[in-house]
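Participant: So the protein lines, in turn, are chains U and X. Counted the way my numbering counts, the first sequence spans residues 725 to 839. Counted the way my numbering counts, the second sequence spans residues 6 to 117.
The set of hints was computed from the structure by calculation and includes no laboratory data. There may be inaccurate statements among the hints.
Unchecked claim - DSBU-like cross-link-like pairs, simulated, lysine-lysine; straight-line CA separation at most 30 Å:
1. X/K6 / U/K802
2. U/K802 / X/K62
3. U/K807 / X/K22
4. U/K807 / U/K766
5. U/K766 / U/K781
6. X/K6 / U/K766
7. X/K76 / X/K62
8. X/K22 / U/K781
9. U/K802 / X/K42
10. X/K62 / X/K116
11. X/K76 / X/K42
12. X/K42 / X/K62
13. X/K6 / U/K807
14. X/K22 / X/K76
15. X/K116 / X/K42
16. U/K807 / U/K781
17. X/K6 / U/K781
18. U/K802 / U/K781
19. U/K766 / X/K22
20. U/K781 / X/K116
21. X/K22 / X/K42
22. U/K766 / X/K42
23. U/K802 / U/K766
24. U/K766 / X/K62
25. X/K116 / X/K22
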Amino acid sequence: EPEVTQTPSHQVTQMGQEVILRCVPISNHLYFYWYRQILGQKVEFLVSFYNNEISEKSEIFDDQFSVERPDGSNFTLKIRSTKLEDSAMYFCATIQGVLSTDTQYFGPGTRLTVL
Amino acid sequence: KNQVEQSPQSLIILEGKNCTLQCNYTVSPFSNLRWYKQDTGRGPVSLTIMTFSENTKSNGRYTATLDADTKQSSLHITASQLSDSASYICVVAYNAGNMLTFGGGTRLMVKP
């Protein structure tokens, strides 16, 4: 079965450094999402992306965050200057089509640790 | 503010037993309600998706119900297996399904 992949599985960085988290969506999927889950807390929506544009974003997704699909395959989340509170699991998810009931397929996540 | 609340927070049952997990939500405009299973350190995996007009939906040993009037949902697991040990997350989609609000999950442990 096709699956969403994410790299790296674990990223450790110093506060203030830039990080880029990568996601390879399922090949025929059109909508892409990033979520984060701070340890022991709920999954939180960050941003959705369609047709090379941000569709929706949450309050969490401030100017420190950006997303892009640079080469038509990878979907990336960049955090420009990491803070301690950015430490979390970051999940990429993708949907095939535009139906509201389409299943979101989640990747395995990247664990980001900011020291 | 859109919210999804789940109960209980955690549950321990014996292998082979049934259990029911609860979800209450205040999300608008409602699009659909989903149940996900999340193994520790992994991404959530979809179990069921229900729209406003659906009262019940099954996926193997998992049966979800939805009462859109009371804004409640439940997930019933039948004949539990050790592999059912995971967090079960209730998620409500809104804005035509483009955005999701997640509940805090119920952590289920199935013991032999």
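Participant: Which constraints among the numbered hints does this structure fail? Numbers only, ascending.
Facilitator: Structure breaks hints 2, 3, 8, 20.
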